[in-house]
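Visitor: Spelled out, the chains give:
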Amino acid sequence: MTTAPPAAPPQPAIGRARIPLSLQSRAYGDRAFKLVLTCAAALIPILLGFLVYELWTGSRLAMTKFGLGFVTTSVWDPVAEQFGAFPLIFGTLLSSLIALAIAVPLSLGVAIYLTEFAPRVLRQPVASVIGLLAAIPSVVYGLWGIFVLVPVLRKTAFPFLRDTLGFLPLFQGPIYGPSMLAAGIILAIMVMPYVMSVSREVLLAVPNSQREAALALGATRWEAVVTAVLPYARSGIVGAVILGLGRALGETMAVTMLIGNRHEIAASLFAPGYTMAAAIANEFSEAATDLHFSALTYVAFVLFVVTVVVNAGARLLIWRVARGSSAGSKAL
Amino acid sequence: MNRRLMRRLASNVMVGLMVVAVVLAVLPLFFILLDLLVKGASSLSWDFFTKMPVPAGETGGGVANAIVGTLIIVGTASLIGIPVGVGAGIYCAEYPHGRLTWLSRFVADVLNGTPSIVVGVFAWTWIVARQKHFSALAGSVALALLMVPMVMRTTEEMIKLVPNSLREAALALGYPRWRTSLSVIVRTTLPGIVTGTLLAVARIAGETAPLLFTALGSQYLSFKINQPMAALPLTVFTYATGPYEEWHRFAWAAALVLILVVLLLGVGARLAIGRSAVVND
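One line per chain: the protein sequences are A and B, in this order.
Counting with the numbering used here, you get residues 106 to 437 for the letters of the first sequence.
Counting with the numbering used here, you get residues 15 to 295 for the letters of the second sequence.
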């Protein structure tokens with residue numbers, strides 16, 4: 106075997122002069138194998154460290170100029186070199202919240218139906234079909250949103266909302282096509298498969314004894330879900346929702362194409378807005394000054410930190426349920 | 015008795031609402047696919063796949079440069095991403111209790127949740143800003159970085175499914191550890207790893223955000239990996255947001271091609287895992 110790398114140290118020969126050659130080369134082979142794998146595994150943390158470093162140094166200029174006030178001020182004027190990201194952060198949070206408000210009830214309904222009520226033959230196919238939504242590229246959602254969803258919303262759904270819920274400031278004002286609400290709706294469709302599949306997995310992990318106990322006490326099947334299944338799965342479902350939030354915060358293309366791209370904070374959901382990801386997507390290749398680049402990199406850095414925190418929270422919650430369920434099954 | 019009826023009624027109403035939720039969840043998929051077929055298929059022609067784009071305002075032409083560009087960019091990303099992902103996955107499965115294993119799993123989770131646009135900014139500051147011109151290679155690196163966590167986790171999960179007795183049998187027959195890993199463990203799980211890899215390729219093939227300011231897009235057919243290059247997702251974005259009717263038609267057609275590629279990769283992945291199920295029996 107000739108796989109010995111030049112880097113591997115020579116075999117110590119103290120009192121072992123007669124080790125068969127095959128065993129020696131085997132040790133070399135194993136070492137080379139481990140070395141290659143270690144490089145691959147170590148490359149991932151190194152790259153992430155490099156990513157953080159690059160984002161940090163890239164945003165130094167804007168950080169020293171604007172400091173933390175960057176995230177609380179609202180003026181975004183590349184010509185005057187004045188940058189404040191508050192409208193972007195506001196828009197990111199608002200569009201994601203709209204998305205969750207629509208997607209969470211729907212995906213929970215689907216997940217509960219598929220684990221508790223649906224005929225067995227339907228369960229896997231329906232889950233796979235909805236999972237297909239996750240495979241559609243973001244830019245295709247954007248295309249569909251521009252030419253199909255937005256016209257429909259502008260002609261029917263938005264006027265209807267203004268007529269019925271117009272007493273709320275959220276649904277007042279002129280109706281543009283591209284708007285915060287349009288972006289929220291497309292985000293809801295995109296986030297739904299993720300929330301659905303994770304909460305479905307969490308619900309599947311609930312032990313059957315929970316359901317049987319509730320049913321044996323005379324509960325209807327829906328009451329069994331509410332009293333025995335959902336409380337057991339609660340923090341896992343919260344984890345699924347937060348995971349969906351993480352997806353929604355970072356979505357770029359579809360939102361860029363539908364949100365209207367205006368650095369403004371409006372009370373009305375019919376008004377255009379902006380998100381962090383959309384601002385980066387639109388302005389990065391057109392930025393002219395170092396400070397503009399730096400400000401956009403700063404936005405990317407903030408977005409990165411926010412999504413990492415949100416995702417870590419979600420993992421923690423899901424992990425707690427997984428641990429809880431295994432502890433529960435051991436106790437039984 | 016009345017109360018019992020009410021409770022059963024409430025239960026049935028909730029089930030009804032859930033069925034409505036299922037319908038609402040499936041409808042968008044149905045409409046998106048239908049619209050893509052209706053609006054995209056009519057613009058598909060031989061020219062669409064073989065001709066270059068024509069100047070704005072003129073009719074005719076195609077997106078051959080974008081199709082070639084996507085193949086090159088995604089191919090390069092796979093060449094970088096798959097070995098690293100598979101290698102790291104094998105490492106995590108072979109040495110499950112090491113500190114590096116814990117670290118790379120954790121970092122892979124972080125990367126998996128990182129927005130693709132942030133990875134794009136990273137590729138820009140790392141490669142584009144340093145060499146002062148846009149480059150498809152920077153786009154490939156960004157896509158590879160998005161792909162690695164997915165490939166790594168599936169590889170690890172698949173290897174973990176292999177019963178330990180198989181490993182013990184190989185070792186007992188005198189196989190060295192590396193041969194046990196490669197020609198027994200990895201070979202057994204190969205269909206699963208191929209599936210995970212194909213799904214990862216499908217995911218990155220449709221990514222647009224990391225390419226916006228790395229590969230940038232181009233009107234010309236280019237094979238130079240270190241220069242701006244066209245890509246199908248970029249074409250969809252530019253044409254969809256442009257002002258011309260002709261561009262919109264092309265955007266639908268390009269999106270249809272893109273979704274067909276993604277779905278075909280998905281079907282390929284299913285076929286591979288179907289074969290692995292046979293192997294496992």
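If you're looking for bench data, these hints aren't it; they were derived computationally from the structure.
A hint or two may mislead.
[Claimed, not checked] Under the rule of at most 30 Å between Cα atoms (straight-line distance), these lysine-lysine pairs were calculated in the BS3-like manner:
no. : chain 1 : residue 1 : chain 2 : residue 2
1   : B       : K53       : A       : K170
2   : B       : K238      : B       : K65
3   : B       : K146      : A       : K139
4   : A       : K260      : B       : K53
5   : B       : K146      : B       : K238
6   : B       : K53       : B       : K65
Visitor: Compare the structure with each hint and give your call.
Guide: Hints, verified against the model:
| no. | hint | result |
| --- | --- | --- |
| 1 | B:K53 - A:K170 | 49 Å, violated |
| 2 | B:K238 - B:K65 | 19 Å, holds |
| 3 | B:K146 - A:K139 | 38 Å, violated |
| 4 | A:K260 - B:K53 | 21 Å, holds |
| 5 | B:K146 - B:K238 | 16 Å, holds |
| 6 | B:K53 - B:K65 | 20 Å, holds |
The structure shown violates the earlier hints numbered 1, 3.
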